[in-house]
Amino acid sequence: MVFLFYLLSAVMVISGLFVVFSRSPINSVLSLIVCFIAMAGHYILLNSQFLAVVHLIVYTGAIMVLFLFVIMLLNLNRATIPQKTSMTRVAAVVAGGLFFLVMVAATRLTFEIHPRYPFSSKIGLVSEVGKALFHEFLLPFEVSSVLFISAMIGAMIFGKKDKESLPQPPPKEGA
Amino acid sequence: MDWILFLYKFVFLIVIFLITLVVAMYSTYGERKVAAFMQDRRGPNRAGPFGLLQPLADGVKMFMKEEIIPTTANRMLFILGPSIAMTTAMLTGVVIPWGGTITIGGREFSMQIADLNIGILYVFAMVSIGVYGIMIGGWASNNKYALLGSIRAASQMISYELAMGMSIIALILTTGSLSLHDIVEQQQGWHWNIIYQPIGFLVFIICALAETNRAPFDLPECETELIGGYHTEYSSMKLGFYLFAEYINMFISSAVMATLYFGGYNVPLIDQLGLSQNTVTLLGSLFFFIKILVLIFVFMWIRWTLPRFRYDQLMNLGWKKLMPLAIFNILATGTYYYFTAFN
Numbered sequence: 002m003v004f005l006f007y008l009l010s011a012v013m014v015i016s017g018l019f020v021v022f023s024r025s026p027i028n029s030v031l032s033l034i035v036c037f038i039a040m041a042g043h044y045i046l047l048n049s050q051f052l053a054v055v056h057l058i059v060y061t062g063a064i065m066v067l068f069l070f071v072i073m074l075l076n077l078n079r080a081t082i083p084q085k086t087s088m089t090r091v092a093a094v095v096a097g098g099l100f101f102l103v104m105v106a107a108t109r110l111t112f113e114i115h116p117r118y119p120f121s122s123k124i125g126l127v128s129e130v131g132k133a134l135f136h137e138f139l140l141p142f143e144v145s146s147v148l149f150i151s152a153m154i155g156a157m158i159f160g161k162k163d164k165e166s167l168p169q170p171p172p173k174e175g176a
Numbered sequence: 117m118d119w120i121l122f123l124y125k126f127v128f129l130i131v132i133f134l135i136t137l138v139v140a141m142y143s144t145y146g147e148r149k150v151a152a153f154m155q156d157r158r159g160p161n162r163a164g165p166f167g168l169l170q171p172l173a174d175g176v177k178m179f180m181k182e183e184i185i186p187t188t189a190n191r192m193l194f195i196l197g198p199s200i201a202m203t204t205a206m207l208t209g210v211v212i213p214w215g216g217t218i219t220i221g222g223r224e225f226s227m228q229i230a231d232l233n234i235g236i237l238y239v240f241a242m243v244s245i246g247v248y249g250i251m252i253g254g255w256a257s258n259n260k261y262a263l264l265g266s267i268r269a270a271s272q273m274i275s276y277e278l279a280m281g282m283s284i285i286a287l288i289l290t291t292g293s294l295s296l297h298d299i300v301e302q303q304q305g306w307h308w309n310i311i312y313q314p315i316g317f318l319v320f321i322i323c324a325l326a327e328t329n330r331a332p333f334d335l336p337e338c339e340t341e342l343i344g345g346y347h348t349e350y351s352s353m354k355l356g357f358y359l360f361a362e363y364i365n366m367f368i369s370s371a372v373m374a375t376l377y378f379g380g381y382n383v384p385l386i387d388q389l390g391l392s393q394n395t396v397t398l399l400g401s402l403f404f405f406i407k408i409l410v411l412i413f414v415f416m417w418i419r420w421t422l423p424r425f426r427y428d429q430l431m432n433l434g435w436k437k438l439m440p441l442a443i444f445n446i447l448a449t450g451t452y453y454y455f456t457a458f459n
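Chains as they are written, first to last, in this note's numbering: chain A, 2 to 176; chain B, 117 to 459.
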């Protein structure tokens, strides 16, 4: 089990680095998919089979497919990415370094994390997730469904074509 | 570690692997025979008796064809595409219960490789990862027809996955378990889920047709619009892998349907015959395979009977008819159980 943990962690770290350093967006997305699959493996090691599979279905199977759609349709290649000037590069390095500093400081202060609930090995099983969602967190769960509905309706309104901007069909002959 | 169990699982895994390949191989033969029967022809009858060696001849032909990778294609992803399609198609068989328990040398062994407590969801996860095989292959070909074909295939699969998931939710409401083993055990005798969930089954089989990209939803491959669809640039065994993955998917989705809705390995009235446990298990597995073959025949029957949909009709059917039907089914099932089971 420890060996599997290190294997999955190594896969995750390496693929995560590939996501950042890869020059072509399609390779980045594919590395991110590998990273997500390794993360699902971590969930299984924690005995959270339900979370693992939901992670695979939602993130790996749905969201990353949409990422791939966008990248394939825009056909992003290296040639179309504008070259950065040296000024932006320096600015990026400084900003990234500052962010790193803040992150290190933040994690140093919160190094000792005390879990609110004692760890239970059954926490990721489907029955336990269901009990938590429908007993303890029922209100937030239902409210978040309203959020999803509004997001879906918003996406549909954006996606809907304007009737006026559509090209009019040519008039029929003899009419 | 329990070495005997490990050995048993290993051997059983290889047996299931081989059975999947052989069934998929002979599905290609069966498809051509069924097509011939429907169209009043003879079908393949040259290679071996009744043309039974035809799949082998086709396989040899596939391997002997010239292997072409287009110069502008992304070589690595071009090879990765069919590999993912084939791998994810084969992975799904792991959670299907192929039979009851069998006793060898005083020990009971289950005829299922892994009894996950989220079995159904695992099947869905594999199906949703299988989309990548098509998308990557279509994109890596660097051909606009292949790209359009792959996008068509992927959007069709994503759309129908939703309605399929909805139809499964109603089924889970009746069974109360996500484990395929438990679902089969609950369907003892004649208590098949098709009796309790007819609408769910209707939605599920339509979605299964769309998921496997088969007629009347075989739009990704469309000669007049898209040439060969996502596998336009593929040749030799890489093309063979794509075509073969489709038949494996057909076999696996038939197996899933037989498990979920037709009682899996349960045979009605077999307990009254007074047979030994092992005989009952083997008969059950045999019966399970008969159910699967009947469902595969239904797939072929539909392909050679119905004309294909137009693309907008396909999307309308998925989103505006099957989705509301599946949601209505969930609502009806939930209402029924609210007023009967919990009071």
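Treat the hints with care, since some could be wrong.
Claimed, not checked - Pairs of lysine-lysine residues, derived as DSSO-like cross-links and limited to a Cα-Cα distance of at most 27 Å, are as follows:
| no. | chain 1 | residue 1 | chain 2 | residue 2 |
| --- | --- | --- | --- | --- |
| 1 | B | 260 | B | 181 |
| 2 | B | 436 | A | 161 |
| 3 | A | 161 | B | 181 |
Simulated from the structure, these hints should not be mistaken for lab results.
Hints versus structure:
no.: 1; hint: B/260 <-> B/181; verdict: holds (24 Å)
no.: 2; hint: B/436 <-> A/161; verdict: holds (16 Å)
no.: 3; hint: A/161 <-> B/181; verdict: violated (47 Å)
Checked against the numbered hints above, the structure breaks only hint 3 and satisfies the rest.
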